[in-house]
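Under UniProt numbering, the residue at position 177 of the sequence shown is numbered 177, and the numbers go up by one with no gaps.
Hints listed in this document are in silico derivations from the structure and should not be mistaken for laboratory results.
Please note that the accuracy of each hint is not assured.
[What the hints assert, rightly or not] List time: in silico SDA-like cross-link candidates among lysine to any residue, alpha-carbon distance up to 25 Å:
(1) LYS138 x ALA203
(2) LYS171 x ASP98
(3) LYS522 x HIS376
(4) LYS438 x LEU250
(5) LYS534 x PRO517
The structure presented is a predicted model; accordingly, all values stated were derived computationally and were not measured.
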Amino acid sequence: MAPGILYVTMQPKPELPFEQFEDWYNNEHGPLRLRLSFCENGFRYRATDLDGPGKGQHEWMAIYDLDDMDKLNGDEYLKLRGPPVQTQREVDIRPYLDINRRNFDLLSDRKTDDYQPVERIGGEDAGNVMVHVAFTVKPDQDPEEIGRWYDEEHTAMLQKVPGWRRTRRFKTSSIEKSQVTEYLALHEYAPKNGLAGPEFVAATTTPWAHKVNNEVIASKHRRVYSHYYTFGPAPRHLSSITNWSSPATLTRTLSTTPSILESYITTPDGARINYHLTGSSSPTAPVVLCLPSILSHHSIYSSFTSHLLSKHPHLRVLRYNTRGRTSSLGTTTPITLQTLTSDALSLLDALRIPSVALAIGVSLGGVTVLNLGLKHPSRVPVFLACDTNAKAPPSNPKAWGERIAMAEADASAASTTTGAYGGPSEDAFVATVEKGDKVVGEELAEATVRRWFVKESYDGGELEARVKEVKEMVRSNSLEGFKGSVRALYEYDITAELEGCKARGEFLVGAGDGVLPEGMKKMAAQLGDGKGGKGVKCTVVEGAGHLPMVERPEEVAQAVIKMLES
1 MAPGILYVTM QPKPELPFEQ FEDWYNNEHG PLRLRLSFCE NGFRYRATDL
51 DGPGKGQHEW MAIYDLDDMD KLNGDEYLKL RGPPVQTQRE VDIRPYLDIN
101 RRNFDLLSDR KTDDYQPVER IGGEDAGNVM VHVAFTVKPD QDPEEIGRWY
151 DEEHTAMLQK VPGWRRTRRF KTSSIEKSQV TEYLALHEYA PKNGLAGPEF
201 VAATTTPWAH KVNNEVIASK HRRVYSHYYT FGPAPRHLSS ITNWSSPATL
251 TRTLSTTPSI LESYITTPDG ARINYHLTGS SSPTAPVVLC LPSILSHHSI
301 YSSFTSHLLS KHPHLRVLRY NTRGRTSSLG TTTPITLQTL TSDALSLLDA
351 LRIPSVALAI GVSLGGVTVL NLGLKHPSRV PVFLACDTNA KAPPSNPKAW
401 GERIAMAEAD ASAASTTTGA YGGPSEDAFV ATVEKGDKVV GEELAEATVR
451 RWFVKESYDG GELEARVKEV KEMVRSNSLE GFKGSVRALY EYDITAELEG
501 CKARGEFLVG AGDGVLPEGM KKMAAQLGDG KGGKGVKCTV VEGAGHLPMV
551 ERPEEVAQAV IKMLES
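Construct the complete structure from the given sequences, taking the supplied hints into account.
The following block contains the structure:
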């Protein structure tokens, strides 16, 4: 089991539009490699030496750290290089790319004591310069001489160069079966460095360096690159995307205004979480994170999203289906509030979002964003928790147990009918269950929406159409997913943490949501205001029940806007 790198340089041909190259690379090719179990990270670099020694050579370089080079010959990787995972788009783009792909085994790694990995969340901000030095050795010379030079002199002298961060040495991987061994040194520096300074000159002009370069090395190749992009296991590139879909990888992009990207992450315990990203194409645009209730779909935020982005198009909106929407539940048992909180952080990590501008959630999603704000204020510094409790009501296990029984007894739960929001569909983007598995069914769906929405919403018009959409969301939810995720509602209590809240939070509740308005006003009075005081705003939305973002999306969007602008 030898660790190493997959090292690729490439040059797009002039006929390939740059936007298509970026869309394919950032949303398809790179993320698929970051989903490999043995791939630790992945980066894109851009050459900065094209006006000098690098003139006429490849402009782009990608590097992936792998914990076991042998796995590049295994099925997990090889399936990426053929259908159905390799899409027709990739097949069509390949002839327009000049590619040099190489594999290297790691020989040594030295770095500063305070080295910060480039792949850390937020690491892009620090920048990174990569100096590539590749060479071969004369047939009559000992390659170990180069290793001794690096280990005993050269790297120690490079460490004195201002901005030096790391030096790694590699050689052609054993999986290459190559007749010629190439040696590669990768030196990392801060953007502000001393590469042209006296320390660097001293490191490269010693008698030993002269001997190695003139007597041992047969050929030498040096390039200089600057960090351009860090891949994650979740695609996130919204700029100039095309209409494209890959059912095999559950990823699609829509060139709407604004652009939309839909894909998924896999949590550490194996649950699949589907997400929807839209809004500004800027990779650093502020993010509003939206969590739905149990039994619903992230589309309950559709109208809210439209209202929000019409006023603040500089935002990105990230919505996702929480664990339990589908039958992909993972291995964690029982599912708890902490499980769902960790899922949100896993999603932010996969999309490389250091912190959100605001998180909004409703019901179980509401207490999840509350918990995020309480426990992770650096990731969720602002939140709006809707129609929720800080403590599970004692009646919850019985009430939800009865709802599970209702769904299990409903003959329609075995229906093969597929709606817009799920079911046993052949469409991978819609399916919530496998064939033969059950959905929640009509009976619980009808009872749920009657409980969730105020009677005025049954107006025979637009509002009632929204209610019917939500009913279809509930009906098509995986029954097993519901039974697993509802356990998070049985028992939790974070009331003792409210007063010490370091994030800036507020509450919002539908006026028609039973006793919740009064309970949430009391909760608002207990919550720390993030400034050492206590007591925050609780907005009561008239004409709304349990899902105000469905019945009164504009009012909810306005509440979010006020929080963002304050």
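So, going through the hints one by one against the coordinates:
1. LYS138 x ALA203: holds, 22 Å
2. LYS171 x ASP98: Holds, at roughly 23 Å.
3. LYS522 x HIS376: Judged against 25 Å, a Cα distance of about 23 Å means the pair holds.
4. LYS438 x LEU250: Roughly 21 Å between the alpha carbons, so the hint for LYS438 and LEU250 holds.
5. LYS534 x PRO517: holds, 19 Å
When each numbered hint is compared with the structure, no violation occurs for any of them.
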